[in-house]
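Colleague: Sequence:
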Amino acid sequence: MIAVISADLLSSSSYSKELLEQAIRALNREFRELEKLTHPASEFEIYRGDSFQGLIYAPQEALHFALRIKTAINRLHLNDSESNKAFKREADLKMAIGIGSYDFKRDSILESNGQAFQLSGRTLDEMKKYNRKLRLKTPSDNINEEFDASFLLFDTLSDKWSTASAEVIYYLLKGFKETEIAAELGISQSAVNQRKKAAGWDAIDVLLARYKKVINEHFSNGK
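Residues 1 to 223 in full-length UniProt numbering are what the sequence shown spells out, letter by letter.
Check the hints yourself; a few may be wrong.
[To be verified] Below, simulated DSS-like cross-link-like pairs (lysine-lysine); rule was C-alpha separation at most 27 Å, straight line:
#1 177 / 212
#2 197 / 177
#3 174 / 133
#4 17 / 133
#5 160 / 174
#6 85 / 17
#7 212 / 197
#8 212 / 133
#9 212 / 174
#10 36 / 177
#11 177 / 85
#12 196 / 177
#13 133 / 88
#14 160 / 88
#15 36 / 174
#16 212 / 36
#17 160 / 17
#18 36 / 133
#19 128 / 160
#20 196 / 133
#21 160 / 197
#22 196 / 212
#23 177 / 213
#24 213 / 197
#25 160 / 196
#26 197 / 133
#27 213 / 133
#28 88 / 174
#29 212 / 105
#30 174 / 196
#31 85 / 160
[Said to hold, decoys possible] Across the chosen pairs, the derived CB separations fall in these ranges:
#32 107 / 28: 18 to 26 Å
#33 122 / 198: 33 to 41 Å
#34 205 / 144: 21 to 29 Å
#35 107 / 203: 37 to 45 Å
Worth flagging that the hints you see were computed from the coordinates, not collected in a lab. Since the structure is predicted, the reported quantities are computational estimates derived from the model, not experimental observations. For every residue, glycine included, the Cβ atom is placed at its ideal position computed from N, Cα and C.
Modelling step: build the complete structure from the supplied sequences, incorporating the hints.
Modeller: Next up, the structure:
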């Protein structure tokens with residue numbers, strides 16, 4: 001079993017050239033880092049300039065990867081001179097995670113196919129009719145129902161993030177400690193802690209742990 005992430009930049013036609021360039025650079029940077037975290041290496045490809053697809057051989061890591069990518073985009077802004085302040089988010093993603101078999105392998109993942117690709121792609125298409133930004137589709141209806149509710153709550157939480165909130169969550173997802181984030185951003189540890197709480201990190205951490213446990217039990221190690 002593998003995981004496939006299919007995603008679109010939201011309302012990318014309204015992005016300035018500078019913001020779109022920032023988004024593409026951020027995506028490519030995250031892809032290069034994430035590809036090294038699994039064995040075999042994960043694969044990501046951008047297409048149409050505002051969409052991407054990722055193949056992850058460790059499906060239990062797919063949500064963590066998706067949130068890394070989301071926060072890398074959510075933290076973007078064009079106010080470089082005041083980069084440590086909170087701004088309204090200017091960029092976001094719509095993402096669908098599909099978990100299933102990998103039936104047709106090609107050199108490019110955009111030419112590959114299988115259950116995971118179909119579940120991910122079809123779910124992303126369905127999401128365009130609704131105000132949803134993150135969904136999961138697997139062969140298990142029970143798992144789909146559980147995480148449909150959880151991801152809806154996550155959407156509600158993350159829609160309230162500022163760029164500063166997303167940036168702190170981004171570094172937490174990378175494994176940084178509060179003191180390390182403070183040093184990276186040039187702010188106090190107490191400011192990091194405040195942003196962490198405001199962004200709902202404790203709930204996100206629980207969601208990540210639950211996802212990993214469930215997917216490990218049902219779909220890892222060839223199941």
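Colleague: Taking the hints in turn, state whether each one holds.
Modeller: So, going through the hints one by one against the coordinates:
1. 177 / 212: At roughly 21 Å apart (the allowed maximum being 27 Å), residue 212 and residue 177 satisfy the hint.
2. 197 / 177: Given pair residue 197, residue 177 holds - Cα atoms ~14 Å apart, limit 27 Å.
3. 174 / 133: holds (21 Å)
4. 17 / 133: holds (23 Å)
5. 160 / 174: holds (21 Å)
6. 85 / 17: holds (23 Å)
7. 212 / 197: Distance ~22 Å between residue 212 and residue 197 Cα, so the pair holds.
8. 212 / 133: holds (20 Å)
9. 212 / 174: It holds: about 16 Å lies between the C-alpha atoms, which stays within 27 Å.
10. 36 / 177: Given that 27 Å is the threshold and the Cα spacing comes to 21 Å, the pair holds.
11. 177 / 85: holds (20 Å)
12. 196 / 177: holds (11 Å)
13. 133 / 88: Holds. Residue 133 to residue 88 sits at ~17 Å (cutoff 27 Å).
14. 160 / 88: holds (9 Å)
15. 36 / 174: Holds: residue 36 and residue 174 sit about 13 Å apart, inside 27 Å.
16. 212 / 36: holds (19 Å)
17. 160 / 17: Within the cut-off at roughly 25 Å; holds.
18. 36 / 133: Given that 27 Å is the threshold and the Cα spacing comes to 26 Å, the pair holds.
19. 128 / 160: Status holds; Cα separation ~20 Å.
20. 196 / 133: Within the cut-off at roughly 21 Å; holds.
21. 160 / 197: Status holds; Cα separation ~13 Å.
22. 196 / 212: holds (21 Å)
23. 177 / 213: The hint holds at about 23 Å.
24. 213 / 197: Given pair residue 213, residue 197 holds - Cα atoms ~24 Å apart, limit 27 Å.
25. 160 / 196: Cα-Cα ~13 Å, so holds.
26. 197 / 133: holds (22 Å)
27. 213 / 133: Within the cut-off at roughly 23 Å; holds.
28. 88 / 174: holds (23 Å)
29. 212 / 105: holds (26 Å)
30. 174 / 196: This hinted pair holds, its Cα atoms lying about 14 Å apart.
31. 85 / 160: Roughly 16 Å between the alpha carbons, so the hint for residue 85 and residue 160 holds.
32. 107 / 28: 18 to 26 Å: Given about 19 Å between the Cβ atoms, the range holds.
33. 122 / 198: 33 to 41 Å: holds (35 Å)
34. 205 / 144: 21 to 29 Å: holds (22 Å)
35. 107 / 203: 37 to 45 Å: Given range 37 to 45 Å: holds, Cβ gap about 40 Å.
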